[in-house]
Amino acid sequence: GGGDEPSDNNTADAGNTAAAGGATDRELVIWAGSQTPIAPNFNPYSPSVLHLANGGIYETLFAYNKLKDVPPTPMLATDFTWNDDGTELDVTIRDGVKWNDGEDFTADDVVYSFTNDTAKPDFLKDATADGNTVKFAFNEAAFANEFQVLGSTYIVPEHVFSKQGDLTKWANDTDPVGTGPYLLATASDAAYTATANPDYWGGEPKVEKLRYLGIDANQSAEDLLRSGQIDWTTMFVPEPDALVDGSGGAIGYLNTPIDPTVLYTCANADLGCTGSQTDVAVRQALSAAIGRGELNEKAWVGLAKEISPTFALLGRDDKWIADGMPKAIDQEADAAKAGEILEAAGYTKGADGFYAKDGKPVTLTLTSVDGWTDYNNAAKLIEEQAKAAGINLSASTVSWNEFSDARQSGNFELIMGGVVGTSIADPFQIYHDWFGGESTQPVGTQLESGEWNFSRYSNADVDAAILAAAATNDEDAKKAAYATIQENIVRDLPYIPLVVNATQTFFNTKDYTGWPTEDDMFMFPPSWQGPSSGVILSKLAGK
Amino acid sequence: MTSEAVLTARNVSITYEVNPPVHAVKDVSLTLYRGEILGLAGESGCGKTTLAYGLNRLLKPPAVLRSGEVTFHDESGTDIDVVALSKEALRTFRWDKVSMVFQGAMNSLNPVISIRSQLHDVLITHRPQMRAQERDERAAELLTLVGVDPARLDSFAHELSGGMRQRVMIAMALALHPQVMIMDEPTTALDVVVQRGILREIMRLREQLGFAVIFITHDLPLLLEISDRIAVMLQGEIVELDEAKNIYERPQHPYTQKLLGSFPSLLGERGDFIRTGATS
Amino acid sequence: MAKGALRQLLPSRSGKLTTGLVIVIGITLFAIIAPFFTQNPRSSQNPAMLPPGADHLLGTTSLGYDVFAQLAEGARSSLLVGVTAGAIAIVLSIIFGIVAGYVGGWTDAGLRLVTNIMLVIPAIPLQIVVASYLQKRSLVLVAVILGVLGWAGGAVVLRSMALSLRTRDYVSAAKVAGEKTWRIILVEIMPNLLPLLAAQFLFAVILAILNEAGLSYLGLGPNNSITWGTILNDAQGGSALTRGAWWWFVPPGVLIALFGCGMSLINFAIDEIINPKLRSAPQAAKRVRKAGGDVVVNAEQEPEKVNA
Amino acid sequence: MTFFLRRIAFYAVTLWAAVSLNFLIPRLLPGDPVSIMLARLQRNGTISPAMERSVRVLLGSSGDTSMFQDYLDYWGRLFRGDLGVSVTRFPTPVADLIGGALPWTVGLIGVSTVIAFVIGIGLGAWAGWKRGTWVDAIIPSTTLLQSLPYFWLALLFVFLFAVSWGIFPIIGGYDVFNFNGPELSWAFVGSVIRHATLPGLTIVVSSVGGWLLGMRNMMVATLSEDYVTTAEAKGLRPRRVFMTYATRNAVIPSLTGFGVSLGFVVSGSLIMERVFSYPGLGKLMIDAVGNNDYSLMQGTFLIITLAVLAALFIMDLVQGLIDPRTRHHG
Amino acid sequence: MSASQVPVGGTGVLEVKNLVKDFTVRSGWKRSKLRAVNEVSFTLEPGKTIALVGESGSGKSTVARMIAQLETPTTGEIHLDGRAIARHGDALARYRHAVQMVFQDPFASLNPYHTVGHHLERPLKIHGVAKGDDLEPAVHALLERVNLTPGEVFAAKRPHEMSGGQRQRVAIARALAPGARFLVADEPVSMLDVSIRLGVLNLLARLQREENLGVLYITHDLATARHFSDEILVMYRGNVVERGPSDEVILNPQHDYTKTLLAAAPEPSRHGKLRDEVRAELAGNA
Ligand SMILES: Nc1ncnc2c1ncn2[C@@H]1O[C@H](COP(=O)(O)OP(=O)(O)OP(=O)(O)O)[C@@H](O)[C@H]1O
Ligand SMILES: Nc1ncnc2c1ncn2[C@@H]1O[C@H](COP(=O)(O)OP(=O)(O)OP(=O)(O)O)[C@@H](O)[C@H]1O
Ligand SMILES: [Mg+2]
Ligand SMILES: [Mg+2]
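Residue numbers (the working numbering), protein chains in the order written: chain V, 1 to 543; chain P, 1001 to 1280; chain U, 2001 to 2308; chain R, 3001 to 3330; chain Y, 4001 to 4286.
Simulated from the structure, these hints should not be mistaken for lab results.
There is no bait here: all hints are sound.
Below, computed lysine to any residue pairings styled on SDA-like, alpha-carbon distance capped at 20 Å:
| no. | chain 1 | residue 1 | chain 2 | residue 2 |
| --- | --- | --- | --- | --- |
| 1 | P | Lys1245 | Y | Glu4277 |
| 2 | V | Lys479 | V | Asp461 |
| 3 | U | Lys2136 | V | Trp400 |
| 4 | V | Lys319 | V | Asn473 |
| 5 | Y | Lys4273 | P | Val1193 |
Since the model is a prediction, treat every value here as computed from it, not as a measurement.
With the rest of the complex left out, here is chain V (with noise of 0.2 Å):
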């Protein structure tokens, strides 16, 4: 697999199409990226949280969807207003919820959720209960904060968990008290099982057994699925076509592109970046050399989807590309044009076929994470396409561990790796997160939590229009402060974006229905991803 950090941040989907099937006592079997040894842990504030948690036994305010430009689904929450500076929001919950303990859900235990010392965020000045309403209460306009708030964080019961002393020590691993569809019942170092939720707010779940296992080779998932013995489960797979195709219909397959691939490029000189990717002419030539059809074509197999330049994911963000910004990214490779750029910027090509400035050569070294295969192609082609544009860039390969201290310290020439994806219809998450000169640090200095920057782009023009941008709720007005963020970032490409990258599920459609369809992505539908995973467990029917 290569797709990096799937995130959350999420808008949602009013869609509440109930499954066409009944209950069925077939175990569904899920492999949602858990290696064996399975450690059971069902706290959602533990750094090793097993996926059935979230979404399967807690749930949040809110399920967005990150495919659409729509309203988020209601959960625990069922409405929310802000007053009009975004200094607070008021979110009226759901009655008549019940944990599975029996206890009434209540106002408390969301207040509790957001207060106590792991969850609270800093943004957050407050959280008091009003009968059914919860008013949060935020230090500034907290608009770009809705997602985190109704749709990222778990609400869990306030009489089990303030009993526990250190919340991020505990495992939670025996009858974990949610409000979710599901129930836990067992759990090995090999697998873990889970039974519908009888008495679930949304009804009772059709699919009565949930059986989630841990698998150590994405080969294994793979053959595990083709031979049917996987029922749900989100990969990187070369050739899905014929997957599904052989398996005779059994087999459903949804692609949904949404997380950016780019090139991180350590940018900035003044804080301390090396290396010749420094310059913005060598940047945009590189840009330029690109083949990204190639690209997708051999090393994503066709899966990926083209990227704009400005970040906002084609189709469902396009309402917030600026006039006169390109929509897609060219997709053959123009080493001519590289060329005349390097060339306009004093750059001269050597006997060797490399151009270089004052007697240095242009060299760049990509790195990307071993074993993430589609990356580890692309990076080799693009070491060719550069090539061919006189640009002498060597791809090479580096483990987690060292791909991720890299990135977090800065140092690195080029780096190939994903942008999270936005969970909501508006690019200002990876414009805050990703451009702003406020979420980086200099070379040497490691990012800090919620510092996303790592090609330490630092630009006072973008760091003032995402000031203004977090500050609004009003769209033409973000639109403008965009169209600033946009000409920039396109100019000075701190990442050359390549392609956005597909994110492959398959699930098993000869024994269950009701999953999201081409025509009805009412979720998001990797196995992996919470909440979404949760509402569509609750969603699903035998056949």
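Chains P, U, R and Y with the ligands: place on chain V using the hints.
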């Protein structure tokens, strides 16, 4: 001593099928009489061991018995054509009629099992009717016979001195009352004092039990002292075979003469040794 | 070394040796020569996943790389890794084995401690740790890692050999003649260990090639090179088997196995040099059978007699 | 120093050095474990400062203590039998993880190693006994097996036996679809055996050749020993000569090698375990290395070191049993 | 090294004083001390031969190895030309120059990897006897001294291409190469074939006479000891139990052990005696 033959070999030729072939034994004929000690002398590599192996059909590739007959004349009066014996018959024949003490007798004992089991092995295989207790008794008796403390039965080879190992091998060779015992340099690795002890033992046992011995060594003085008859081998052939006394006093073949001259006598003459520089 | 000694040491025409040499020399030649004739193994300009055919002897990979060209390039690198690692391992095992055995005393105690620790600490995890410690892993670096971590077993054997050799009369004789210690080790002892050293070297080479493949499978192989191991890793990552691209997955493995097999066969022949007992018996049995003696070679001796 | 003390000293010093290395090695790995851990966590969204603090506490390196102090603490904890808590499998104690994995590893790899050894020794002895016959002709082919990269073989086996023909399962140490963890029943035992077959077969196939060759050569050499000739001259039955005189002596040199390989059972199988998602120790170790999970790394290394030392020790003893010569001298 | 440093043909003696050698031996968990040589003293004069006889394990080789400085005495001293011998550096080299050794097994004492020429060149070079162009003729001359003619042919051979006798001659030539005045010969013929033993011994005798060598002849063969040496020392369990002029010791043994040894030595003239003794014994018992 009778002049009744117990083993006759006629025109035995043995070749090592290597490149080029080595004719280790060439057309050797030899008769062993009941109860005698026949010494087989000759320099290293002249084919003594090969001949001994041939007599007991122990040759392993690349050695091949090219031609010749070996006949064993049993006490019962029947003649056994050793060359024609079937596999199984040969197995039962071995050790029962002809036993051997090997050149490397120091290494002839299995290092990983006790002396007792090695003695028992022989008895179990050839005397299956024997009861366990009888076997134990017999084993103890054998060791006593060769002058080793029966308490040593449970020892392992490495726990015994060279002389003791040699005696144990002789005891083993005696286990089935064989009529012929082939001893291939049984004392070469031992020092003279121990060697003398063992020779004395062999002589005594021969007197008591009446088996015939083919005694192989290159130590001619030794052979002269103990053998009844001596065969001198040179390059695969027996060049002289006569009574020990005759060999000593009237060697016929020049090679025999040369061999005899090679040993300065302890108490007598220098033989061919010249030490003109001697100043004593 | 003069011819006489060599000839004496070489077992007379051995099928195993010949086969082994043919395989090893063949693959080595392939590694040396083939890359000049094949296309650029890093050129993705061919159609992807082509089965073997006239244009591409062993087809192409998912990126359109020519498998045959990759194998040739991989042979070069894999052999380089193997030989380098083997050489390092052998030098270290000589230092730790022979020197320890010959010099004795505290030197021995110290060297032996190191050897024991290297023996007890499993090499594979250590290789993994070291490999992941070194971020830029060139081919040579991987070879060095494999070599530096793979000498202990050989050192133990060499030490015991040296221990027995140091009491040999010719070593004593050299001492009495006034030779220096280092000269005794180099000139008197080492040549007699040559067959053993050769055998150990071959073994170390195979081991290094296999280990490199293993490391590559775990993603810890050389960063920027094509080896048989990285080809396998790519093939595995590209689901070559499930996609039916056996031509991508099978040949590197077969080449590794073949090369190892060839080396083992040579090793076998060397074994027969070291141990004359091995040399004579089996061949002798064959020869005797050819010569017409119906000898079954085991304890149940058949009549050795041949028609006179 | 007496021999006995020397032996003890050997084990003690080796153990000390190995354990110290185990302490050191993880600390030499690149990257700050805390930030790597945090980076992993950030994949699931932002994390609170409290969570960050707890990660630091968990990873044990608060940054203020000296390496030497850490080292002393490490020994202190070892003596108390405390191997720490795994970070990647939080909050499972390392001891539990190892305890859970060890039986599988020992069961599969140990048994396969023993089987490979027994088959290899048996066939090797037979081939040596029948040296020079057609049996010898098949010997060279075993060198081919010996040189197969075993993950390659494993993948091929999975593809053929599990995926294409469906004879054997694809993953797991037991039927993970029908059992919710190990249990005591015949069905479970059957499932374990079925799941062990393919990985076991891989190990046996790729390692049997080595034993076979070594044994065959030793056998040939032993057969020309005087005591074997003596045994034949004694008219013993071939079976007896084969077993007690030839094989028993020829097997002795292989035993040390067997001991060492038994020791490496624990670590030797990491690739295999990954291919088959087998719940073993080797994979635990690679994961630990890949995730900078110090405690788990140290724990697995320690177990491996102990296993090797224990195996060497046991082989010291076994050798004494089989070879009386070493009984007094070790 | 110049000739002045080396008293070639010097008149000094090699004196062994109260040599003691203890070995530690292990049996089971226990270690014990084994006294292999106990207070052995003798003086080796140029032109004289001393024979050291005794059964296996009596310590003969250990004495030889101590003299050749392959083993360090536990106590006791070795003096050359009146001075205690050196154990290091140039002085050791000078000692080696004067005292050389011939080993028991001529196959084992020649390195199978090197030619005969190499074996002889080395000591010549090390001890500065010959250099460069002189080396080859010197080697050939040495070979011819030990009756290996023509020298060129033998210099090119390797040990395995020669018979045992020839090999032992090479070993002797090597020992002579540095211009040694004293030769320790540890059972120089016991590994040789009966028919060639005498040849080697005769050669040794001739060289001894020509070079005025002092020879320590170690053997368990009493007959050759008697005829080859001027004096015989009988060793038993590390001790010298009897010593004296050779005929004296052999023909008129005093110590019990010497007598046992003499009785055990094969003597062709006694043929048939052993059988008769045994018969008499048996008859007596019966
Ligand atoms: N396996 C073999 N292959 C080839 N030639 C052999 C083999 N064994 C022995 N020979 C040769 O056969 C000849 C006779 O050997 P044999 O062992 O019988 O001699 P021997 O008289 O017993 O010598 P020794 O006194 O050294 O024991 C020798 O020339 C020897 O080289
Ligand atoms: N390195 C050693 N370590 C321990 N004991 C030794 C060592 N060398 C010799 N010995 C012992 O010292 C004693 C004398 O040995 P030495 O070799 O001097 O006897 P020898 O008279 O030369 O015997 P042989 O006639 O068998 O050569 C023997 O008991 C021997 O076992
Ligand atoms: Mg012989
Ligand atoms: Mg001696």
